[in-house]
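So you can see what is in the structure, the chains are spelled out below.
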Amino acid sequence: MVTAVAAVRLRDLFAVVMLFGIYSLVSASLFVVMDAVDVAFTEASVGAGVATVFMLGTLSLTTHREKTPIARKPLLSLLVVIITGAALMYGTYDIPHYGDANDPIHHHVAPHYLEDSMEEIGIPNVVSSVLASYRGYDTLGETTVVFTAAIGVLILIGGARRRSKRDDERS
Amino acid sequence: MQILGLYNYWIFIVLMMCGFYVVISRGNLVKKLVGLNIFQTSVFILYISMGKITGGTAPILIAGKDVVYSNPVPHVLILTAIVVGIATTSLGLALVVRIHEAYGTIEEDEIHAQSEEESL
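Residue numbers (our numbering), protein chains in the order written: chain A, 1 to 171; chain B, 172 to 291.
Quick caveat, the hints were computed from the structure, so don't treat them as lab data.
Take these hints with a grain of salt, some might be off.
[As the list claims (entries may be wrong)] A few chain B residues that don't get close to chain A, going by computed Cβ distances all over 10 Å:
#	residue
1	I282
2	Q285
3	S286
4	E287
5	E288
6	E289
7	S290
8	L291
[To be verified] Where chain B lies over chain A, by a calculated footprint (3+ residues, C-beta under 8 Å):
#	stretch
9	14-27
10	31-43
11	51-58
12	84-96
13	122-128
14	142-156
Even glycine gets a Cβ: it sits at the ideal position worked out from N, Cα and C.
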């Protein structure tokens with residue numbers, strides 16, 4: 001949380017990206033505390049690792065100083081943020097408490113997965129069996145999204161490079 | 172105790188508002204993407220904290236023992252969300268690189284000023 005606030009305040013983008021990496025790592029350890037080991041693995045490798053590398057790559061291709069903003073009405077945006085936050089806080093009073101085993105979320109399909117997935121799938125890790133088998137179509141969709149994003153990045157960066165090279169040859 | 176049980180949602184809200192503030196108040200495009208990522212991670216924390224049961228353990232089955240497991244369904248959803256999140260972030264960063272090639276800056280105000288000059 002502190003690193004997130006610091007990332008908001010700092011002007012040097014390199015430090016911002018580094019702090020974002022630390023923030024991801026801290027949230028990964030928070031996931032371990034909350035029993036989500038698989039999510040913590042992914043967050044540590046993808047969020048803290050790959051995302052930071054991508055951002056550093058972008059900084060090396062562009063610039064790493066943020067200019068002091070030319071009066072972008074910080075008070076107005078702060079007001080909007082506080083009102084939204086207060087509305088959300090008010091909304092939490094109707095939500096079930098943290099760690100309560102009687103929450104409605106724990107009484108739908110989750111007990112079925114926990115009790116029967118060993119017989120039906122045969123993998124002790126319930127997260128893997130739900131991810132790859134019960135909700136396999138979601139994972140297929142996810143791979144499609146990643147594939148589309150990869151094509152997009154290639155077109156945006158690779159295509160532009162080739163075009164500028166062609167222009168150079170012509171001139 | 173009535174109110175203390177909700178603290179996970181408050182952490183989530185504070186983090187989410189940090190990200191939201193960056194997105195609406197900063198003009199630098201990389202900074203905006205970092206803000207979006209903070210916003211996104213706060214939503215991950217919300218989901219994972221909903222799946223936690225007090226005294227529970229990670230949902231990896233242990234044969235012959237009577238243990239409470241935390242809910243695996245939010246974990247699966249968030250695994251998918253993290254991967255989709257990195258895909259969208261990398262697409263956004265590629266756009267930033269292209270914008271920098273075209274305009275020579277990644278500050279929103281300067282880009283607006285340049286495109287207004289062009290249209291005049």
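Hint check:
1. Once the 10 Å rule is applied to beta carbons, B/I282 is consistent with being away from chain A; the minimum gap is 12 Å.
2. For B/Q285, the requirement that its beta carbon stay farther than 10 Å from each beta carbon of chain A is met, with the minimum near 14 Å.
3. Separation of B/S286 from chain A is adequate, the least Cβ-Cβ distance of about 16 Å exceeding the 10 Å criterion.
4. Consistency note on B/E287: stated as away from chain A, and its beta-carbon is indeed over 10 Å from all of that chain's, at 15 Å minimum.
5. Distance to chain A confirms B/E288 as a non-interface residue, since its nearest Cβ pair spans about 16 Å, more than 10 Å.
6. No beta-carbon of chain A comes within 10 Å of the beta-carbon of B/E289; the shortest separation is about 19 Å.
7. Even its closest Cβ contact with chain A, about 20 Å, leaves B/S290 beyond 10 Å, as expected for a residue assigned away from the interface.
8. With a minimum CB-CB distance of about 20 Å to chain A, B/L291 clears the 10 Å threshold, and the non-interface call stands.
9. Chain B is given as covering the stretch 14-27 of chain A, and this holds because 6 residues of the stretch bring a CB closer than 8 Å to a CB of that chain, at least three being needed.
10. Remark: the stretch 31-43 of chain A is confirmed as covered by chain B, as 9 of its residues place a Cβ nearer than 8 Å to a Cβ of that chain, reaching the required three.
11. For the stretch 51-58 of chain A, the assignment as covered by chain B holds, since 5 residues bring a beta-carbon within under 8 Å of that chain's beta-carbons and 3 suffice.
12. Under a criterion of three residues with beta carbons nearer than 8 Å to beta carbons of chain B, the stated coverage of the stretch 84-96 of chain A is upheld, 7 such residues being counted.
13. For the stretch 122-128 of chain A, the assignment as covered by chain B holds, since 4 residues bring a beta-carbon within under 8 Å of that chain's beta-carbons and 3 suffice.
14. Coverage of the stretch 142-156 of chain A by chain B holds [criterion: at least 3 residues with CB-CB distance below 8 Å; count 9].
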